[in-house]
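> Next come the chains, spelled out residue by residue.
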Amino acid sequence: MKLSKNFTNPLAANNPVIVQILGICSALAVTVKLEPALVMGLSVTFVCAFSNLIMSLLRNGLPSRIRIIVQLVVIATLVIVVDQVLRAYMYDVSKQLSVYVGLIITNCIVMGRVEAFALGNKPWDSFVDGLANGLGYAFILVLVAFFRELFGSGTLFGFDVLARFGYTNNALMLFPPMALIIIGCIIWVHRSINKDLQEK
Amino acid sequence: MAINKNSNVYIITYTVVMVVIVGALLATLATWLKPKQDANVLNEQKVSIMKAFGEADANFDEVVTMGRVAGGKFTTIDKSNAQDVQAVFDLLGNRKELGEAKDNLPIFKFEKDGASKYVLPIVGKGLWGDIWGYVSLYVVDGKLKISGIVMDHAGETPGLGAEITTPGVQGAFADKVLYDAKGEFAVRMQKGGAQNEHQVDAITGGTKTCDGVNDMLEISITKYKSFLDTLTAAVAEDTTAAEDAATVEEQPAAEENNNVEPENKEE
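Heads up: the protein sequence lines correspond to chains A and B, in order. Count along the first sequence from 1, add 1232, and you get the number used in the numbering used here. Count along the second sequence from 1, add 39, and you get the number used in the numbering used here.
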């Protein structure tokens, strides 16, 4: 029971982006198109899940004084793996994501989960927690990118959707502030459904 | 046996072991993926060049003649010489060096239906970072014109300067005449809209990037000026000759590795 709650919680009720407001920077930067947003979401999911797993495996022998350094080394290694693999097998997407793949290292969600969860829990639980948090992040990214690509370029995954109805692209959707506004709207909808999240 | 996990010996050993493992892992991965990554970069260069020619579906290796322009003369590069070919692509990949190169400049030639097009690499600075690409030139009615252009950028603003990568903006360069009546370089992205056969509409909100594109085109193309002048003259002469004599026989190139293009055309 606990495991499934670990998994579903970060997807909605405790979503890292719209509840904890983490990882906003990259959410603004890579959500102009769906494809890079999806790849970015999956990359963060991979890094988050495996950094949680590895740190959880290492947690008993870890010297607490260099805890953060070890975390960074593990996360950075995984990010470099993702970056190298993308460059080799998804060259176009890796070009669109440019520096933001490297910046996964600084994504607060990843280190936040390692520090808050993986260091105190068993490997499998930690892996699921990382996976769920990554997917929660990926879900919001894809949702934002869906609206931005649809109304900004009239396409979805590069296929014409609105253009055939004579839709004029709204360039405002392509600017970073629009991602912030869309995330704001998602938070608004989310909080009006989950009333316990509303601040008194 | 209790180990003191906060002792210096433990921490140093831990760090050393960790770094060695991680280093070995990443080095192996990078070595293993390098050929694939290099192939991607090379392929992208070739596809961009073919796009500039307007022949995106054609195979670069089969239809394009690679060359260098030195002292205003076109020298063919033997494609079976992997070292020379690699040197050209390495130069294309190194934007700083390419921008500073003064002579022995890379050039690509593509022939179709008896007409030749030449692609030149272009590099410059946009608002936030490097911009680069390939421009394809040809001679029509004695005038040197742009046949196609492909541009890319490192970090221009999406929706504004980054629009230089869109087919809309790049397509507008087609058939623009390079030099005006005075022989001065005249192609530019013009704020307020194109006024003549040389100008292209600038991008609203992307003025700095458009200025960068203007400089990039002028500086990069001017390096090839003496070759382009010879080419224009040769093609013009060729056309006149073709009108005079009904048949023009093409003579085989004397030396494969050193055939001087414009002169060959004068027969």
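Hints in this document: simulated from the structure, not taken from any laboratory. There's no promise every hint is true.
Partial selection, computed: residues in chain A whose CB lies under 10 Å from chain B [to be verified]: (1) Leu-1294; (2) Ser-1296; (3) Asp-1324; (4) Val-1374.
Quick partial rundown of chain A residues pointing at chain B, CB under 10 Å, derived from the structure [said to hold, decoys possible]: (5) Val-1264; (6) Gly-1293; (7) Ile-1300; (8) Thr-1309; (9) Val-1313; (10) Lys-1327; (11) Leu-1335; (12) Ile-1337; (13) Phe-1391; (14) Leu-1394; (15) Arg-1396; (16) Ala-1403; (17) Leu-1404; (18) Phe-1407; (19) Pro-1408.
The structure presented is a predicted model; accordingly, all values stated were derived computationally and were not measured. Heads up, the beta-carbon is just placed ideally off N, CA and C, and yes, glycines get one too.
> What hints, given by number in increasing order, does this structure fail?
4, 7, 11, 12, 13, 14, 15
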